[in-house]
Amino acid sequence: MADIKLATASQGLSLNPWKIRQRRQHVKFVYEVALWLHNLALFSALDFERFDEERFWDDYRQFQRKYPPEKYPAMFNQTVEKLLAEQ
0 MADIKLATAS QGLSLNPWKI RQRRQHVKFV YEVALWLHNL ALFSALDFER FDEERFWDDY
60 RQFQRKYPPE KYPAMFNQTV EKLLAEQ
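Under numbering that gives the first Met the number 0, residues 0 to 86 are what the sequence shown spells out, in order.
If you are wondering where the hints come from, they were derived from the structure by calculation, not from laboratory data.
All values derive from a computational prediction rather than experimental measurement.
The reader is advised that the hints may include incorrect statements.
[As the list claims (entries may be wrong)] Straight-line distance between alpha carbons at most 27 Å, and here's what the computed DSSO-like set of lysine-lysine pairs gives: (1) LYS65 - LYS18; (2) LYS65 - LYS27; (3) LYS65 - LYS81; (4) LYS27 - LYS81.
[To be verified] Pairwise CB distance ranges (calculated): (5) LEU39 - LYS65: 10 to 20 Å; (6) ARG20 - ARG60: 37 to 47 Å; (7) LEU14 - PHE47: 41 to 51 Å; (8) ARG60 - GLU85: 11 to 21 Å; (9) ILE19 - ALA84: 31 to 41 Å; (10) ASP46 - LEU12: 40 to 50 Å.
Yeah, the Cβ is synthetic: ideal placement off N, Cα and C, and Gly gets one too.
Work the whole structure out from these sequences, hints included.
Here it is, written out as structure tokens:
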């Protein structure tokens, strides 16, 4: 979640097309992470009552199709490592 907050924080105006494209890609990536994880916080507050783990991992596989680890290894690995560390 901290990555999402940082990615969406104002970072000033840049007219450099490469930096604009890079920022747009990063914001899109963290948006997709948020979509994947959006119900996790709610279910954790409810002690995971009625949490559908199979759906969670299906959503994860959809995320992987959009952002395969070989294309986005640093962002992907960092996100997964954080999740696994919290288990």
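So, going through the hints one by one against the coordinates:
The hinted pair formed by LYS65 and LYS18 meets the criterion: a straight-line CA distance of about 22 Å does not exceed 27 Å. This hinted pair checks out: LYS65 and LYS27 have alpha carbons roughly 11 Å apart, not beyond 27 Å. At roughly 20 Å between alpha-carbon atoms, LYS65 and LYS81 fall within 27 Å of each other, so this suggested pair holds. Restraint check: the Cα-Cα separation between LYS27 and LYS81 comes to about 19 Å, which is no more than 27 Å; the hinted pair holds.
Between LEU39 and LYS65 the Cβ separation comes to about 18 Å, which falls inside the hinted range of 10 to 20 Å. Taken as a hint, the range 37 to 47 Å is violated for the pair ARG20 and ARG60, whose Cβ atoms sit roughly 27 Å apart. Checking the proposed 41 to 51 Å range against LEU14 and PHE47 shows it holds: the Cβ atoms sit about 47 Å from each other. One distance hint, 11 to 21 Å for the beta-carbon pair ARG60 and GLU85, holds here, with the actual separation near 20 Å.
At roughly 33 Å, the beta-carbon separation of ILE19 and ALA84 lies within the given 31 to 41 Å, and the hint holds. Our hint of 40 to 50 Å for ASP46 and LEU12 holds, since their Cβ atoms are close to 45 Å apart.
Hint 6 alone, counting from the list given before, is not met by this structure.
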